[in-house]
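As you go down the protein sequences, you meet chains A and B in turn.
The first sequence begins at 1 in our numbering and counts up by one.
The second sequence begins at 1 in our numbering and counts up by one.
Possibly wrong hints are sitting among the right ones.
Since the list can't tell identical chains apart, any single copy or any two copies may satisfy a pair.
Claimed, not checked - Cross-link-like lysine-lysine pairs, in silico, DSSO-like; alpha carbons within 30 Å at most:
id, residue 1, residue 2
1, Lys170, Lys264
2, Lys112, Lys170
3, Lys39, Lys132
4, Lys230, Lys264
5, Lys262, Lys132
6, Lys112, Lys132
7, Lys262, Lys230
8, Lys112, Lys90
9, Lys170, Lys132
10, Lys230, Lys189
11, Lys132, Lys189
12, Lys262, Lys35
13, Lys262, Lys189
14, Lys171, Lys196
15, Lys27, Lys90
16, Lys186, Lys90
17, Lys39, Lys196
18, Lys35, Lys132
19, Lys264, Lys186
20, Lys186, Lys112
21, Lys171, Lys264
22, Lys196, Lys27
23, Lys90, Lys264
These are calculated hints, taken from the structure and not from any lab test.
Protein chains: 2
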Amino acid sequence: MPARRISPNQIVRLDSIPTDYTGDLSKDEAQERLKDLGKEVGDLQELLFAAGDHSLLIVFQGMDTAGKDGAINRILEYVNVQSCRVSSFKVPTPIELAHDFLWRVHAVAPPKGSVGIFNRSHYEDVLVVRVKQLVPEAVWRARYEQINAFESLLASSGTIVVKFFLHISKKEQEERLLAREQDVEKAWKLSVGDWKERERWDDYQRAYEEAIARCSTEHAPWYVVPADKKWARDLAVAEVLAETLRPYREPWLAQLASVGVKAKTELAEYRASLAQSA
Amino acid sequence: MPARRISPNQIVRLDSIPTDYTGDLSKDEAQERLKDLGKEVGDLQELLFAAGDHSLLIVFQGMDTAGKDGAINRILEYVNVQSCRVSSFKVPTPIELAHDFLWRVHAVAPPKGSVGIFNRSHYEDVLVVRVKQLVPEAVWRARYEQINAFESLLASSGTIVVKFFLHISKKEQEERLLAREQDVEKAWKLSVGDWKERERWDDYQRAYEEAIARCSTEHAPWYVVPADKKWARDLAVAEVLAETLRPYREPWLAQLASVGVKAKTELAEYRASLAQSA
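One chain only, chain A, in its complex shape:
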């Protein structure tokens, strides 16, 4: 599988993980496969919704231009958007800054039956905050454990957590930034800040490596997704989602079957009572 699942406590060297790995498939084959997987994920999401005991939280992180918006848009093509909520985390507002860093994130954690997608997340508080030294090291360092406790809390109440780092090369980022200047429709995304942030590329990579290593857990794993090729990225994400949800399929079906049997029994009793009183 192109996406690499990081084991708990595994040391992460992003340099050594390719950004352009596409698996064994051609682009066309990959798109066919994505169609099948998307259908499967959509079906699994319907079961998640119907069974109502779990929720799914999908976290996206990555450097500027890594494709967070694109990857999310692709997911939204194959899930039912009605029970799905995308939350984007930008520079904190004053009221958000007046609370602990998990406050705004916890508020939009997905309720049972639904899917939550985070475009950036609480991880910014150990990434940009670390690189730009917005708080003392002791503060951001304590956050790894706070994040793990928080995600463990979500997991214990039925939230299935998957986290994606969209992994692009520095070269690919340059091309995408330059392309934005050419493309009138993407020019609104242009920002000098992106080029400035790019100067701290290595700092960000180190920050990502540590965050991913410290916060990849059994109940909330990190996946590093080669993201230089968008079609390979989208397929990798869909593969992980399908593999993550697949083990729940049988239990959900069994649960729904028993609900169905109960409903049928009640309906039969109701009809019998009508017949009797007629």
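Assemble the complex: chain A is given as a structure, and chain B must be docked to it using the hints.
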């Protein structure tokens, strides 16, 4: 001091803590003292508001009729209610139940500069939920650690946490329940449920003992407040609040002084520039 602070990991035997302890003061003396302490707490709260780096979270728990409403009303007489928010936690709503048990609590955690008062709290999820066996033991047992991690998160972002268990005797509760039946103005509080819950008195006391023992930490201590006498209870609460906030007084004053010096300097510069241009 009448309120007993529970040390981390201290074994708690509520039987052995008196419910009617009133200290060395008469009722009149206690009310005089409360006036002074209330003034002090009010002043400290103003500093907390002005300095803006901390918040205060006050948690109230206790058996039915223990006096949670009364104790909170008394605090509201001496704090500035403008920067204070009381949150009552009743039986969870469906949307609350669709999230982890800390979700609704985290949402109303006090922002910097303000005071939050909880009338019941996340502790209900290891109290009534345990006594009535609403979830399996493994689930509520994991919550002690989840609560400690959550309160530690709040503390790490500047929230000062104090937790009060209002400790009344079973006899005192009976008298208060009977009094409700006599008092037309309190009859709305009457509930057969209260008498039924009373049958599980011992189970609740055990649940409180374990919750208080496991979740009394340096950064979020539990206080057992003798609450048979309302005037002694209110004094004990005010004493704890004053003692909790007092150590922050000097740092807050120093911080405000430096803000003041800066503002004065800016003002002087502004006036000088006006004089120059005149």
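Status of each hint after checking the structure:
Neither within a single protomer nor between protomers do Lys170 and Lys264 lie at most 30 Å apart by alpha-carbon distance, with minima of 59 Å and 49 Å respectively. Taking the shortest alpha-carbon separations for Lys112 and Lys170, neither the intra-copy value of 39 Å nor the inter-copy value of 39 Å comes in at or below 30 Å. When the C-alpha separation of Lys39 and Lys132 is checked against a cutoff of 30 Å, the pair qualifies neither within a copy, at 42 Å, nor between copies, at 43 Å. In the homo-oligomer, the alpha carbons of Lys230 and Lys264 never lie at most 30 Å apart, since the shortest distance is 47 Å inside one protomer and 57 Å across protomers.
In the homo-oligomer, the alpha carbons of Lys262 and Lys132 lie at most 30 Å apart only across protomers (26 Å), although the nearest pairing inside one protomer, at 57 Å, exceeds that limit. Taking identical chains as interchangeable, the C-alpha atoms of Lys112 and Lys132 lie at most 30 Å apart only when they sit on different chains, with a minimum of 23 Å there against 36 Å within one chain. In this assembly of identical chains, Lys262 and Lys230 lie within 30 Å of each other by CA distance neither inside one copy nor across copies; the values are 46 Å within and 52 Å between. Taking the shortest Cα distances, Lys112 and Lys90 sit within 30 Å of each other both inside one copy (25 Å) and across copies (20 Å).
Taking the shortest Cα distances, Lys170 and Lys132 sit within 30 Å of each other inside one copy (19 Å), while across copies they are farther apart (57 Å). In the homo-oligomer, the alpha carbons of Lys230 and Lys189 lie at most 30 Å apart inside one protomer (18 Å), although the nearest pairing across protomers, at 62 Å, exceeds that limit. With identical chains, the CA atoms of Lys132 and Lys189 are at most 30 Å apart within one copy only, with a shortest distance of 22 Å there and 55 Å across copies. Taking CA atoms no more than 30 Å apart as the test, Lys262 paired with Lys35 passes in neither setting, with 35 Å inside one copy and 62 Å between copies.
Within a single copy, Lys262 and Lys189 get their C-alpha atoms no closer than 53 Å, and across copies no closer than 39 Å, so neither meets the 30 Å cut-off. For a Cα distance limit of 30 Å, the shortest separation of Lys171 from Lys196 inside one copy, 15 Å, qualifies, whereas the shortest one across copies, 70 Å, does not. Proximity of Lys27 to Lys90 under the C-alpha cut-off of 30 Å is found in neither arrangement, the shortest distances being 33 Å within a copy and 55 Å between copies. When the C-alpha separation of Lys186 and Lys90 is checked against a cutoff of 30 Å, the pair qualifies only within one copy, where the shortest distance is 19 Å, while the shortest distance between copies is 49 Å.
Taking CA atoms no more than 30 Å apart as the test, Lys39 paired with Lys196 passes in neither setting, with 40 Å inside one copy and 52 Å between copies. Taking CA atoms no more than 30 Å apart as the test, Lys35 paired with Lys132 passes in neither setting, with 41 Å inside one copy and 48 Å between copies. In the homo-oligomer, the alpha carbons of Lys264 and Lys186 never lie at most 30 Å apart, since the shortest distance is 54 Å inside one protomer and 47 Å across protomers. With identical chains, the CA atoms of Lys186 and Lys112 are never at most 30 Å apart, being 36 Å at best within one copy and 39 Å at best between copies.
In this homomeric assembly, Lys171 and Lys264 never come within 30 Å of each other (Cα to Cα): the closest approach is 60 Å inside a single copy and 51 Å across copies. Taking the shortest Cα distances, Lys196 and Lys27 never come within 30 Å of each other, neither inside one copy (33 Å) nor across copies (67 Å). Within a single copy, Lys90 and Lys264 get their C-alpha atoms no closer than 49 Å, and across copies no closer than 35 Å, so neither meets the 30 Å cut-off.
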